[in-house]
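Based on the provided sequences and hints, a complete structural model is requested.
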Amino acid sequence: AQSVTQLDSHVSVSEGTPVLLRCNYSSSYSPSLFWYVQHPNKGLQLLLKYTSAATLVKGINGFEAEFKKSETSFHLTKPSAHMSDAAEYFCVVAGSNYKLTFGKGTLLTVNP
Amino acid sequence: ETGVTQSPTHLIKTRGQQVTLRCSSQSGHNTVSWYQQALGQGPQFIFQYYREEENGRGNFPPRFSGLQFPNYSSELNVNALELDDSALYLCASSLDVSSTDTQYFGPGTRLTVL
Chain A
1 AQSVTQLDSH VSVSEGTPVL LRCNYSSSYS PSLFWYVQHP NKGLQLLLKY
51 TSAATLVKGI NGFEAEFKKS ETSFHLTKPS AHMSDAAEYF CVVAGSNYKL
101 TFGKGTLLTV NP
Chain B
1 ETGVTQSPTH LIKTRGQQVT LRCSSQSGHN TVSWYQQALG QGPQFIFQYY
51 REEENGRGNF PPRFSGLQFP NYSSELNVNA LELDDSALYL CASSLDVSST
101 DTQYFGPGTR LTVL
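Here the protein sequences line up with chains A and B, keeping their order. Numbering of the first sequence is given in the working numbering, commencing with residue 1 and proceeding in unit increments. Numbering of the second sequence is given in the working numbering, commencing with residue 1 and proceeding in unit increments.
Keep in mind that the hints were calculated from the coordinates and are not lab data. All figures in this text were calculated on a predicted structure; none of them were measured in a lab. Don't take each hint at face value.
To be verified - Cβ-to-Cβ under 8 Å is the rule here; a few derived chain A residues that face chain B:
id	residue
1	Y25
2	L46
3	G103
4	T106
Where is the CB? At the ideal position from N, CA and C, for every residue including glycine.
The following block contains the structure:
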C-alpha cells in the first residue's frame, strides 16, 4: 500500500521569496515520486520525478525536490517565486504497481 | 507538449443516465490510465489499460468501465450515473506500465450530474 500526505493545503508567499511545499510518503516498496502542477482549467503537468537515482531532483521552471528516505519526505522547493507559479501542486507516489496515488494538493498563492 | 486530448470538455447528465468520455493518447504510448478528480481533491485512480487489456483497477464499482483501441484512443464509460460522479475526469498516457514511466495527462472532461 502507498499513500501521500501533503502537509499544507495552502501556502502563500510573496513574489521573489522562496517556496517550500511539503510532502511525506508511505510505500511498501522503493517508490517513484513525482510532483505535478495544475493550473486552473489546465491539465496536470509534470514538474519533476524521482526514480531511485540522485536524491536531489531538478525539474522545470526552477523547481527541485529532495528525496529523504529516513524522513520519508519529498519536499518541493524553489528559490524565488514568480507570479506564474500560482497553481495547485500535487505530490504523487507510484509503488511496485503502475497506479499513481495523489496527495490532496497544496494551493500556492503568490502575492505581488 | 503532451499530445493527450480529451473530449468533450464539459458534459451535463442526469442521474441514472450513461456517459462515454474519450481520450486520445500520445502516439506510441501503450498505456492509458483514467482518474477521477472531485472538487478540491487530488485525482483518484480508476483503472489502467495496457495494449487493450485492463491492467489494474482502483476502488471504483463495475459501472465504471473502459476500452482501449489500437489507434491509441480510449473510452471511459459510466453507467447509472450518480450525483457523486460529478467530477473532472482525467486520462493519462505513458509508454509502458513501469512505475517510473511518466504519465502525461490530458486537460480533462468536467462531468456534472444533476
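Going through the hints against the structure:
Taking 8 Å as the C-beta cut-off, the interface hint given for Y25 (chain A) is violated, the closest approach to chain B being about 13 Å. The beta carbon of L46 (chain A) is positioned within 8 Å of a beta carbon in chain B (closest approach about 6 Å), and the interface hint is therefore held. The interface hint given for G103 (chain A) is met, as the beta carbon of that residue sits about 6 Å from the closest beta carbon of chain B, less than 8 Å. For T106 (chain A), the interface hint is violated, the least distance from its beta-carbon to any beta-carbon of chain B being 10 Å, above 8 Å.
Violated hints, listed in ascending order, are 1, 4; each of the other numbered hints is respected by the structure.
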